[in-house]
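Protein sequence lines, in the order shown, are assigned to chains A and B.
Numbering-wise (the working numbering), the first sequence opens with residue 731 and increments by one.
Numbering-wise (the working numbering), the second sequence opens with residue 19 and increments by one.
Be aware that one or more of the hints could be misleading.
[To be verified] Taking lysine-lysine pairs in the DSSO-like style, the calculated list, with each CA pair at most 27 Å apart, reads:
| # | chain 1 | residue 1 | chain 2 | residue 2 |
| --- | --- | --- | --- | --- |
| 1 | A | K748 | A | K785 |
| 2 | A | K800 | A | K785 |
| 3 | A | K801 | A | K748 |
| 4 | B | K67 | A | K801 |
| 5 | A | K733 | B | K67 |
| 6 | A | K800 | A | K787 |
For the record, the hints were derived by calculation from the structure and aren't laboratory data.
For clarity, every value in this text was computed on a predicted model and none was experimentally measured.
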Amino acid sequence: DVKVTQSSRYLVKRTGEKVFLECVQDMDHENMFWYRQDPGLGLRLIYFSYDVKMKEKGDIPEGYSVSREKKERFSLILESASTNQTSMYLCASRGQGHYEQYFGPGTRLTVT
Amino acid sequence: AQSVTQLDSQVPVFEEAPVELRCNYSSSVSVYLFWYVQYPNQGLQLLLKYLSGSTLVESINGFEAEFNKSQTSFHLRKPSVHISDTAEYFCAVSEPDQFYFGTGTSLTVIP
Numbered sequence: 731d732v733k734v735t736q737s738s739r740y741l742v743k744r745t746g747e748k749v750f751l752e753c754v755q756d757m758d759h760e761n762m763f764w765y766r767q768d769p770g771l772g773l774r775l776i777y778f779s780y781d782v783k784m785k786e787k788g789d790i791p792e793g794y795s796v797s798r799e800k801k802e803r804f805s806l807i808l809e810s811a812s813t814n815q816t817s818m819y820l821c822a823s824r825g826q827g828h829y830e831q832y833f834g835p836g837t838r839l840t841v842t
Numbered sequence: 019a020q021s022v023t024q025l026d027s028q029v030p031v032f033e034e035a036p037v038e039l040r041c042n043y044s045s046s047v048s049v050y051l052f053w054y055v056q057y058p059n060q061g062l063q064l065l066l067k068y069l070s071g072s073t074l075v076e077s078i079n080g081f082e083a084e085f086n087k088s089q090t091s092f093h094l095r096k097p098s099v100h101i102s103d104t105a106e107y108f109c110a111v112s113e114p115d116q117f118y119f120g121t122g123t124s125l126t127v128i129p
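Just need the whole structure built from these sequences, with the hints factored in.
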């Protein structure tokens, strides 16, 4: 089975802090994604990556950056956390030539 | 751009009753269709998928979905729900380079 893990299930940070969310997949997938999930808005794509050191903006990249130095790891960075970034963050991966995405358990981030 | 519509944001249903969760998408050009389930405070799990072949696809826990190209729909059904089916359900559509999610349907099974 595909396994996608995220570094934290719950995280509380203060406004202005730099926040790192880590995601690791063990299936040698080329594609990785970061979403945020908010009630009534569903999932919104923040950034995605098709390969190591490659990144593409999704629908809501403002206030976020990403890093993909190794194929299995995709990090989401909040440069200066704000209260409107309080959300559930979901990481996903997908193999090249496949269509379904596999999700991690999510990180519920609260910014106070 | 593709859009995915889940008209029902909340569906309450009594235990052992049938349920249908509706999903419509806007474009039928080379799409692949999925249903994901999300239990409270967890990530999304793939429930079932349609890639090609038979338009009726089934999951291991009794759900099924039917791809209807003319109606651009991919409704999810279960003939008899269980308490453990209480969860959020997301319909998703994949085009070659994009993945689109509906806003989700919260299914609540009432004892």
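How the hints compare with the structure:
{"no.": "1", "hint": "A:K748 x A:K785", "in the structure": "20 Å, holds"}
{"no.": "2", "hint": "A:K800 x A:K785", "in the structure": "12 Å, holds"}
{"no.": "3", "hint": "A:K801 x A:K748", "in the structure": "23 Å, holds"}
{"no.": "4", "hint": "B:K67 x A:K801", "in the structure": "26 Å, holds"}
{"no.": "5", "hint": "A:K733 x B:K67", "in the structure": "19 Å, holds"}
{"no.": "6", "hint": "A:K800 x A:K787", "in the structure": "19 Å, holds"}
Checked against the numbered hints given earlier, this structure breaks none of them.
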